[in-house]
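Undergrad: Each residue of the first sequence is one higher than the one before, counting from 7 in the working numbering.
Worth flagging that the hints you see were computed from the coordinates, not collected in a lab. Quick reminder that beta carbons are idealized off the backbone N, C-alpha and C, glycines included. A few of these clues could be false.
[As the list claims (entries may be wrong)] Now the in silico label distances, taken between C-beta atoms and shown as ranges:
#	residue 1	residue 2	range
1	A56	R100	24 to 34 angstroms
2	P81	A44	15 to 25 angstroms
3	E17	D99	11 to 21 angstroms
4	G60	E107	31 to 41 angstroms
5	A79	R114	33 to 43 angstroms
6	A102	A14	14 to 24 angstroms
7	R97	D13	29 to 39 angstroms
8	R28	P58	18 to 28 angstroms
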Amino acid sequence: MRPVASDARWEKIYAVVRRIPRGRVATYGQVGFLAGLAGQARQVGYALAALPQGSRVPWHRVINAQGRVSPRALPGWDAVQRQLLRREGVRFDREARVSLERFQWRPRSAR
DNA sequence: TTTATGGCTGTCA
DNA sequence: ATGACAGCCATAA
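Turn these sequences into a full structure, and let the hints guide you.
TA: This is the structure in structure tokens:
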């Protein structure tokens, strides 16, 4: 059997995402960096997109570098993400953007 | 194998 | 602020 490289990477990505506390957000690039995959933000998005529904990974706490919820393949799904974040206290401005200054997660280990 | 497409990002006009 | 582009790399065809 051929080893599936993405499994190990995705595991690392999920591990990082699981560390994001409630009411905080991280960018794809940040997650990639913390997972040892600097510059591969896109893979983070890909990994999160592949998450099964029942997973306990807080995928909704990951947004793009512009502080916005990325438009997704399935319609309405991004609105759900915003609602989940709001429920945790994350505020959106009228441009549907989050102030990363205020809500971005800052783990000590990588500051 | 090659091509096209992604829940992205930084840089430059 | 907005748009175009080039990197990144896994997956599907």
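Undergrad: Please go over all the hints and tell whether each is borne out by the structure.
TA: Structure-based check of all given hints:
no.: 1; hint: A56 / R100: 24 to 34 angstroms; in the structure: 32 angstroms, holds
no.: 2; hint: P81 / A44: 15 to 25 angstroms; in the structure: 32 angstroms, violated
no.: 3; hint: E17 / D99: 11 to 21 angstroms; in the structure: 34 angstroms, violated
no.: 4; hint: G60 / E107: 31 to 41 angstroms; in the structure: 33 angstroms, holds
no.: 5; hint: A79 / R114: 33 to 43 angstroms; in the structure: 35 angstroms, holds
no.: 6; hint: A102 / A14: 14 to 24 angstroms; in the structure: 34 angstroms, violated
no.: 7; hint: R97 / D13: 29 to 39 angstroms; in the structure: 36 angstroms, holds
no.: 8; hint: R28 / P58: 18 to 28 angstroms; in the structure: 21 angstroms, holds
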